[in-house]
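Participant: Sequence:
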Amino acid sequence: MKHHIENFRLEPLKKGNFIRSCLARYTQDGVEKSWEVLEAGDSVAILIWHREHERFVLVRQFRPAVYLHNRDGMTVELCAGLLDKEGHSPEEVAAEEVEEECGFRIDPARLRKITSFYTSVGFAGSRQTLYYAEVEESMRVSQGGGIAGEEQIEVLELDPAAARQLMEDENMARTSGLLYGLCWWFANRE
186 MKHHIENFRL EPLKKGNFIR SCLARYTQDG VEKSWEVLEA GDSVAILIWH REHERFVLVR
246 QFRPAVYLHN RDGMTVELCA GLLDKEGHSP EEVAAEEVEE ECGFRIDPAR LRKITSFYTS
306 VGFAGSRQTL YYAEVEESMR VSQGGGIAGE EQIEVLELDP AAARQLMEDE NMARTSGLLY
366 GLCWWFANRE
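Note that my numbering has the sequence shown beginning at 186, numbered continuously upward.
Honestly, the hints are just simulated from the structure, not real lab data. Just so we're clear, the structure is a prediction, and the values are computed from it rather than from any experiment. Just so you know, not all the hints are guaranteed correct.
Unchecked claim - In silico DSS-like cross-links for lysine-lysine, where the CA-CA straight-line distance does not exceed 27 angstroms:
#1 298 with 199
#2 218 with 200
#3 298 with 270
#4 270 with 200
#5 218 with 199
Kindly generate the complete structure, drawing on both the sequences and the hints.
Facilitator: If you want it as structure tokens, here you go:
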């Protein structure tokens, strides 16, 4: 899926919905310092394996920040979402994201936690928790693609050979969570 982008420009962000730019001031070892940071929410990401198709279920979508660097903006990612729903556990948010983005209804208790790690540590330091889930067609409730108001999300299925190729393809924008998740899967599968 290729989007036609016009009039791309950057403007100062006065008040963001999901991030806030700040200047951190602090004393480190007796020296006054400052650093530009973004306050951004923590998130979940889910590596999904389709048992019947023997393929990974991934998403491809347009990301303006990536467009700024490569003038394409399309990324291949794990299904993911922000932990911004009050009163919901990370597992509940992860299960909701799998349904919204990929179209499969999963039991949050069946998610397997892989690990948590920090992303964008130079400027944001958000924490992402990575899960693994297996799905089959009987769990499908829709075609996925996200909810109204989200950028269009394309659901992809990649077999292990194509996933290995994707891991090496520096011309395709892919996330570190995706690469880590695939490395974990290959290391634990073989």
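Participant: Is residue 270 close enough to residue 200, meaning Cα to Cα at most 27 angstroms?
Facilitator: holds (20 angstroms)
Participant: Given the hinted pair residue 218 and residue 199, is their Cα-Cα distance within 27 angstroms?
Facilitator: holds (24 angstroms)
Participant: Does residue 298 pair with residue 199 here, judged by a C-alpha cut-off of 27 angstroms?
Facilitator: violated (36 angstroms)
Participant: Does residue 270 sit within 27 angstroms of residue 298, going by the straight-line distance between their CA atoms?
Facilitator: holds (19 angstroms)
Participant: Hint check: residue 218 vs residue 200, CA-CA at most 27 angstroms. Holds or violated?
Facilitator: holds (25 angstroms)
The structure fails hint 1 only (numbered hints given earlier).
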